[in-house]
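Colleague: Spelled out from the first residue to the last, the chains are:
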Amino acid sequence: MTTKGKWQDGLSRRAVMLGTGAMAVSASLGVSGVARAQDVSGPLEPWFGKGGKSAGAGLTWNHGLNLALTGTGASFGQAMTRGATTATDLIRASGGPTIVLKLNDHQGGLVPPAVTGVRRLISQERIQSLGSSYGPATEALFPLIANVGLTTFWSGGAGPTGLGKTDVWITMALFALDPATGGLAYLAKRFPSAKRLALIGQQENGTAAINEIAPRVWPQVSGGQIASTEFVNIGTTDFSSLIARLKSAKADAIFTTIYGNDQGYFIKQVREAGVDIPIMSIDLGTPTVPDIAGSAIANNCFLAVDGYQPQNPNPYNALFVETFKAKYKTPPDYFAANFFEATNILAALIGRTIKAGKTPGRGSVLSDAFQAGPSFPSVYGGSAAAAGVMTFNLKDHSVTKPLGVFQIGLGGVLTKVATIEKNSTTLGPA
Amino acid sequence: MNQLLQLIAFGIVQGATYALLAASFWLIYATTRTFHLAHSVTYAVAGYAAFVISVQLGLSLWLGAFASVISAAAVGCAIDAILYRPMRARGASVLSIFLASLGVAAAGAAALQLIFGPLVKQVPGFPNATLYLGSVTVTRLQVLTAFCAAATIFLVFLFITRTRTGNAITAVRTNPTMAMAVGIPVERISVLVFGIGSAMAGLAAFFETISFVAYPTMGLQPVMFGVIGVFLGGIGSIRGAALGGFVLGFLLVFSGLFLSQNLGVILVFAVLLVVVVFRPEGLLRSPSGA
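Going down the list, the protein sequences come from chains G and H.
Heads up: the first sequence begins at 1066 in the numbering used here, then just goes up one per residue.
Heads up: the second sequence begins at 10 in the numbering used here, then just goes up one per residue.
The set of hints was computed from the structure by calculation and includes no laboratory data.
Some hints here could point you the wrong way.
Unchecked claim - Not close to chain H: a few residues of chain G, all C-beta gaps over 12 angstroms, as computed: (1) Val1165; (2) Ala1259; (3) Asp1303; (4) Ile1342; (5) Ala1391; (6) Ser1432; (7) Ala1437; (8) Ser1440; (9) Ser1448; (10) Asp1461; (11) Gly1474; (12) Thr1480; (13) Lys1481.
As the list claims (entries may be wrong) - If you want a taste of the chain H side facing chain G, the calculated C-beta under 8 angstroms gives, among others: (14) Gln12; (15) Gln122; (16) Ala188; (17) Val262; (18) Gln270.
Unchecked claim - Quick list of the computed label-pair ranges, beta carbon to beta carbon: (19) G:Gly1288 / H:Gly143: 30 to 40 angstroms; (20) H:Leu14 / G:Gln1376: 37 to 47 angstroms; (21) G:Thr1395 / H:Ala119: 46 to 56 angstroms; (22) G:Leu1475 / H:Leu140: 34 to 44 angstroms; (23) H:Ser102 / G:Gln1376: 58 to 68 angstroms; (24) G:Thr1456 / H:Leu272: 39 to 49 angstroms.
Note that the Cβ used here is the ideal one computed from N, Cα and C, for glycine as well.
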């Protein structure tokens, strides 16, 4: 899928590099006044238009981030912060608002520090919008968000509980639910002799994919049956018991919603137990999973997801990757990408609000700005000539993003093997 | 039948690891009455020591194992010398020492994250392979881990029961006042059990690290299960603690015969509850104290 909006003309790699270089030069010379000028050109211009006062230049905007900054999920929080920071740098260099990130640590998904911390961000840090991650740590904020009128981007671990919630916008594919049908269809097509499917879910997120979607879709696409259904607790590192049951079930393939580090432990132990059947999973966002799984991850493992590929030549993504790598000396990952996109959407909404003659701030004003156009550029999908597109559903606040099936290689390198659509068995070419 | 045999095989492997951890926690707790939750930091430091030696410095995996054990012992002794001993000297309550230990556990994990970052650290290089016994599978590393755990527990058991120093440890454990009265250097014994107990945890941490990865909070769950194992088996002897740890690990896996994996832990805590209520001294009584 490619863009059709203002960013539709695409941008060559040369232009991207020139834009990035211009930004770097501007930054090095300390040309802060540039951001206040009218019609400022900048690296994000091809997708968001010219910067300047009408785009928010000169405006300081406090954006809260409710993330896992300590504990087992600290790497997620770090990646998300970096993605958002990369966006704020580019936005400022493109003549957009100065978005100041205010961080709260929910300590790996704990509700009390999430609620208390975001209250602090609202009352003391005066945040005007929020980005959030994790399930319960975000869901617990819904009443507070609605009460304060805090436009919120749920960009990590988002689930269906956020659908239709006031001022909450889900900027990522719904965990497990959106890609499950396409993933199962691919599994059936790629492995036609696989009839007995083992389902392995994880408590908390994506349970409907295991309990509802897979039992309905798998017989349709394969003519087979569900061999077993298991659930594991989040944080499981030893899967011995499950593997013994799995071997006994004599499954031909595995569909699993296990995510986080647990996925690495699971894949490694399954392969070490001599179980070589294909595994279709729906998340490989955790950057540490390939390290934990080792070479096992390259053994017949697939991923159906809004998979992020740093090497995607889409020019919007190329700008993101170049800027990110220049700052952090490492390529961005899935979490960084999602927060990068969400922060750019925030800036676009601020600009739209100003152009509409309104004052951006708390309340529904930013959410209202979605009505001007539900599509935004995406670092997912697209082509070497144009950015991908993410389109919001203005009723339930979910998003449709480019999805794919990927074969997982060593180190977690993804090779796209098919294009899939949200809640569809239709398979497209890679 | 295959499932049963597979569960038994996995259960023995898991049980042996938890037995080692329970024995390590027991040695420290039973001798010094220190509820040493900071054992989790010791465990994590040992994992990172293997990473530093075998990956960052590029030395052999066995030097990494040595570094894990030695660094764990050093950290355990240091925590005792710097934190617990002054607190004991001032007459701090068990609860105060427990809270201090909890603080070290939290701060230690945070410090490791600051030093090494939040991403996990892998220590590759062990020539692992899957071993097939009919339809039952285990890995070479699992077998080695279980063997080393069992051998270590046995050696520590021999040390405690067959040596003068071991007898001194038993004396301090059973009656520290009397032990001091007969000239046993109680504080040196304290350092010694922290060193040995921590080294045992370090060995377990090394095997976890080369099996998977090292990360700042890697010690929390194993140490917690070790603690539960101690109270399940009984605090009276290392045999009781090791048995408790083994039963805990074995049950966690074996419950898969009739329960989904996520429900196995419920069975374990149900057993613990029954034991605590109906046999508060633990599964194994040991009047001899060994």
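Colleague: Now tell me if each hint is right for this structure.
Modeller: Here's how the hints hold up against the structure:
1. Val1165: 23 angstroms, holds
2. Ala1259: The claim holds: G:Ala1259 sits with its nearest Cβ about 20 angstroms from chain H, beyond 12 angstroms.
3. Asp1303: 6 angstroms, violated
4. Ile1342: 14 angstroms, holds
5. Ala1391: 20 angstroms, holds
6. Ser1432: The claim stands: G:Ser1432 keeps its Cβ more than 12 angstroms from every Cβ of chain H (closest is about 33 angstroms).
7. Ala1437: The claim holds: G:Ala1437 sits with its nearest Cβ about 38 angstroms from chain H, beyond 12 angstroms.
8. Ser1440: 34 angstroms, holds
9. Ser1448: Label holds. Min Cβ-Cβ 32 angstroms, cutoff 12 angstroms.
10. Asp1461: Consistent with the label, G:Asp1461 stays out of reach of chain H, its closest Cβ about 30 angstroms off (over 12 angstroms).
11. Gly1474: 17 angstroms, holds
12. Thr1480: 22 angstroms, holds
13. Lys1481: Given a closest Cβ separation of 25 angstroms, the condition holds.
14. Gln12: With a closest approach of 4 angstroms, the H:Gln12 hint holds.
15. Gln122: 6 angstroms, holds
16. Ala188: Given a least distance of 39 angstroms, the restraint on H:Ala188 is violated.
17. Val262: 5 angstroms, holds
18. Gln270: 4 angstroms, holds
19. G:Gly1288 / H:Gly143: 30 to 40 angstroms: Holds - the Cβ-Cβ distance for G:Gly1288 and H:Gly143, about 32 angstroms, lies within 30 to 40 angstroms.
20. H:Leu14 / G:Gln1376: 37 to 47 angstroms: 46 angstroms, holds
21. G:Thr1395 / H:Ala119: 46 to 56 angstroms: The hint (46 to 56 angstroms, Cβ to Cβ) is violated, given that G:Thr1395 and H:Ala119 are roughly 22 angstroms apart.
22. G:Leu1475 / H:Leu140: 34 to 44 angstroms: 24 angstroms, violated
23. H:Ser102 / G:Gln1376: 58 to 68 angstroms: For G:Gln1376 against H:Ser102, whose Cβ atoms are near 59 angstroms apart, the range 58 to 68 angstroms holds.
24. G:Thr1456 / H:Leu272: 39 to 49 angstroms: 41 angstroms, holds
Checked against the numbered hints given earlier, this structure breaks hints 3, 16, 21, 22; the rest are met.
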